[in-house]
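Student: Take a look at the letters that make up each chain.
There are 2 protein chains.
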Amino acid sequence: MALIVQKFGGTSVGSIERIRNVARRALATQRAGNDVVLIVSAMSGETNRLLGLAHEVTGVPDAREMDVIASTGEQISSALMALAIQNEGGQARSLLGHQVKILTDGAFTKARIKTIEGSKIFDTVRKGQIAVVAGFQGVNEHGDITTLGRGGSDTTGVAVAAAIGATACEIYTDVDGVYTTDPNICPSARKIDRISFEEMLELASLGAKVLQIRSVEIAMKYGVPIHVRSSFSEGEGTWVVKEDSALEDVVVAGVAYDKGEARVHIVGVEDKPGIVADLFGKIAEKNISVDMIIQSVTAGATERANVTFTVTKTDLVRAKPFIEEVAKGIGAREVRYDEDVVKVSIVGLGMRSHAGIAAKMFRILAGENINIQAISTSEIKVSCLIAAKYTELAVRTLHDAFGLGQKK
Amino acid sequence: MALIVQKFGGTSVGSIERIRNVARRALATQRAGNDVVLIVSAMSGETNRLLGLAHEVTGVPDAREMDVIASTGEQISSALMALAIQNEGGQARSLLGHQVKILTDGAFTKARIKTIEGSKIFDTVRKGQIAVVAGFQGVNEHGDITTLGRGGSDTTGVAVAAAIGATACEIYTDVDGVYTTDPNICPSARKIDRISFEEMLELASLGAKVLQIRSVEIAMKYGVPIHVRSSFSEGEGTWVVKEDSALEDVVVAGVAYDKGEARVHIVGVEDKPGIVADLFGKIAEKNISVDMIIQSVTAGATERANVTFTVTKTDLVRAKPFIEEVAKGIGAREVRYDEDVVKVSIVGLGMRSHAGIAAKMFRILAGENINIQAISTSEIKVSCLIAAKYTELAVRTLHDAFGLGQKK
Chain A
1 MALIVQKFGG TSVGSIERIR NVARRALATQ RAGNDVVLIV SAMSGETNRL LGLAHEVTGV
61 PDAREMDVIA STGEQISSAL MALAIQNEGG QARSLLGHQV KILTDGAFTK ARIKTIEGSK
121 IFDTVRKGQI AVVAGFQGVN EHGDITTLGR GGSDTTGVAV AAAIGATACE IYTDVDGVYT
181 TDPNICPSAR KIDRISFEEM LELASLGAKV LQIRSVEIAM KYGVPIHVRS SFSEGEGTWV
241 VKEDSALEDV VVAGVAYDKG EARVHIVGVE DKPGIVADLF GKIAEKNISV DMIIQSVTAG
301 ATERANVTFT VTKTDLVRAK PFIEEVAKGI GAREVRYDED VVKVSIVGLG MRSHAGIAAK
361 MFRILAGENI NIQAISTSEI KVSCLIAAKY TELAVRTLHD AFGLGQKK
Chain B
1 MALIVQKFGG TSVGSIERIR NVARRALATQ RAGNDVVLIV SAMSGETNRL LGLAHEVTGV
61 PDAREMDVIA STGEQISSAL MALAIQNEGG QARSLLGHQV KILTDGAFTK ARIKTIEGSK
121 IFDTVRKGQI AVVAGFQGVN EHGDITTLGR GGSDTTGVAV AAAIGATACE IYTDVDGVYT
181 TDPNICPSAR KIDRISFEEM LELASLGAKV LQIRSVEIAM KYGVPIHVRS SFSEGEGTWV
241 VKEDSALEDV VVAGVAYDKG EARVHIVGVE DKPGIVADLF GKIAEKNISV DMIIQSVTAG
301 ATERANVTFT VTKTDLVRAK PFIEEVAKGI GAREVRYDED VVKVSIVGLG MRSHAGIAAK
361 MFRILAGENI NIQAISTSEI KVSCLIAAKY TELAVRTLHD AFGLGQKK
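Taken in order, these protein sequences are the chains called A and B.
The numbering used here applies: residue 1 is where the first sequence begins, and numbers increase by one.
The numbering used here applies: residue 1 is where the second sequence begins, and numbers increase by one.
Hints may contain errors.
Note that identical chains are pooled: a pair holds if it fits in a single copy or bridges any two copies.
Unchecked claim - Listed below are the simulated DSS-like cross-link pairs for lysine-lysine, each with C-alpha atoms no more than 27 angstroms apart in a straight line:
#	residue 1	residue 2
1	K259	K242
2	K209	K259
3	K242	K389
4	K328	K221
5	K110	K127
6	K110	K313
7	K360	K313
8	K286	K110
These aren't lab readings, by the way, just hints derived from the structure by calculation.
All of these numbers come straight from a predicted model, not from anything done at the bench.
Bound conformation, chain A alone (with noise of 0.2 angstroms):
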């Protein structure tokens, strides 16, 4: 007899017809022999009915109080998710974030979990009961409550699996697995069978949406197994799992592009020894994140240099003013801002053993007359900044000239 997670999200309790469907799903792994953990997000489209209210009283509204009226969209979907499941001739009852209970920090709107009592949901399955688990909510230690932030029910699964010690963690969503790339602009694009935790964190990182970074941050640091599969059919979906190497010979797992970064160019940078990171050590005081980075060498000390990186698109109207004032301090002659960039990644282990990964993938968007603007690295991945309007044929080319596009 297994324990088992399954996690569902917005799209798949988006109505009293599918709520019953999910609950259907639920029984049918517990009449298989199973003890089943539901944890459900708020009906699509209520979190944001919810916060409008909030915008609706204030401008700016208090955290902790947002997180009380966002948290009920979940409450809500949990206790109906458990009345369906009695209305089907099964056990259930739902599970709120306090109750079970989910103790985060205390960073209202996007908490993180410290830790989960296991006790509440193992007297609910010991009782041969479904136990629905609210997502996205938790209590801080003062029992105020507070919520992880946008897909913070994939969070809450992978943790309370880890909690539990459950067989897997399955994440069911509107799409039927982890993909090479993106299908809407990758017609190529195949469902991956098996990945990596590394890889599917990279992914996930570089603009994949179907996974929440930190839920698999929590299951490679607990060996919890994710399935992700779809709520609509019954076939597999994808393993994300513990490898210690590469498949076979698959070098590239995934190409992700993500538009949600802007490029700073600050052109004329004295080149003194400590500028740079006097630049970026006051940014970062600021909480804007900086991710790819690139100094122009310069000749000599009496020329001047240049410094490009990148902030999301989200943080640069309130970075801009204070960006151009340390560019000022540090006497730089101008800042110029570029939102028509992309990022576009490829992702694989297998990178680690394989040498040239990183100029063949120069190459192919080189062969593209695909101008690259900035450049990161790491063991696993590599990503190139280019002009947004070449999205579309970067994916493609990469994903086909990495040989994605065949079955293994």
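Once you've looked at the hints, dock chain B against the given chain A.
Tutor: Positioned in the frame of chain A, the structure of chain B alone reads:
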């Protein structure tokens, strides 16, 4: 400096604009030098919407899960209220049932408050914040969410006021106080300035809807003065207070009516000792409350008696088959039902010291040719069951004949 509890019902927080009005009002009370605790209901219509969702899923929803869903209405309105107060420049925080904490018994959908911890509320007001407590909800000893039944926020208000030793509990509503009778059917109805707990309790029990019965019971037990007033005007409303003697020479304080009862008439019961006790014992076992009871007097042991009593119309459907079974068991010839009845009542502390009030009531009704079908009395009230078509006539005539229309 006083500590004041202000409770606002669903109509008073029915829109964002109304929530803002309440926020301003609470802040004005605070700025006048008081500590303020708000109790809020769900926005009007919200509780019905939520219960509708549950009923869409299943015909007879589990009461525990109903409460999880229903309690979100107050959760949202309390947080919105805290945000509105902040938006007006004040400080506030929402407190839910499990945060306060409001401990209840385990009777889901109609729980009774056992204890309320004051510490979180005190911590909040001590910081200069307005504590916004979600009405209608609590938790049982296992931490499950419970609700207090319709109108339960009144009870939260009075119970919180008792627990923290508040100066008074102000109940804001859409009328400007308690009336001598329903102004919709009696134009000479007059707002009462001051009424005793006992009289208010009888009026609430006999059909006046302005306060939940349970809230008056708690106010009486703990001596918490209640001020019922309008959320749409500044005027004084009605004070519900401890009174040992009737005010001046007012004998009758108010006239109430209740169309919620149905008459059951059991014809031809054997007139043996114990038969009637047996009948009502069996009905009580089924948790059906019986109100007015009349047993006809018989001439001798061979004659058969008739028994008349009333039950609430909502109980009648499930009670009918059972009543007929019991009636058959005690040899009754026939059972008749009449739903076209109304219970009209006069209430007043002055009845304790004035004889002949009941007789005067009967004479007044007889004077209008209204037949009395059943009577019940207590120390401070007389109720008559009459045909429903006479409701308005009876109420108006009694109201004016007992001098309630004139200003004291």
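Student: Now tell me, hint by hint, if it's right for this structure.
Tutor: Now for the hints, and whether the structure bears them out:
| no. | hint | result |
| --- | --- | --- |
| 1 | K259 to K242 | neither (29 angstroms within a copy, 69 angstroms between copies) |
| 2 | K209 to K259 | within (12 angstroms within a copy, 59 angstroms between copies) |
| 3 | K242 to K389 | neither (36 angstroms within a copy, 78 angstroms between copies) |
| 4 | K328 to K221 | neither (43 angstroms within a copy, 71 angstroms between copies) |
| 5 | K110 to K127 | between (34 angstroms within a copy, 26 angstroms between copies) |
| 6 | K110 to K313 | within (19 angstroms within a copy, 51 angstroms between copies) |
| 7 | K360 to K313 | neither (29 angstroms within a copy, 81 angstroms between copies) |
| 8 | K286 to K110 | within (17 angstroms within a copy, 51 angstroms between copies) |
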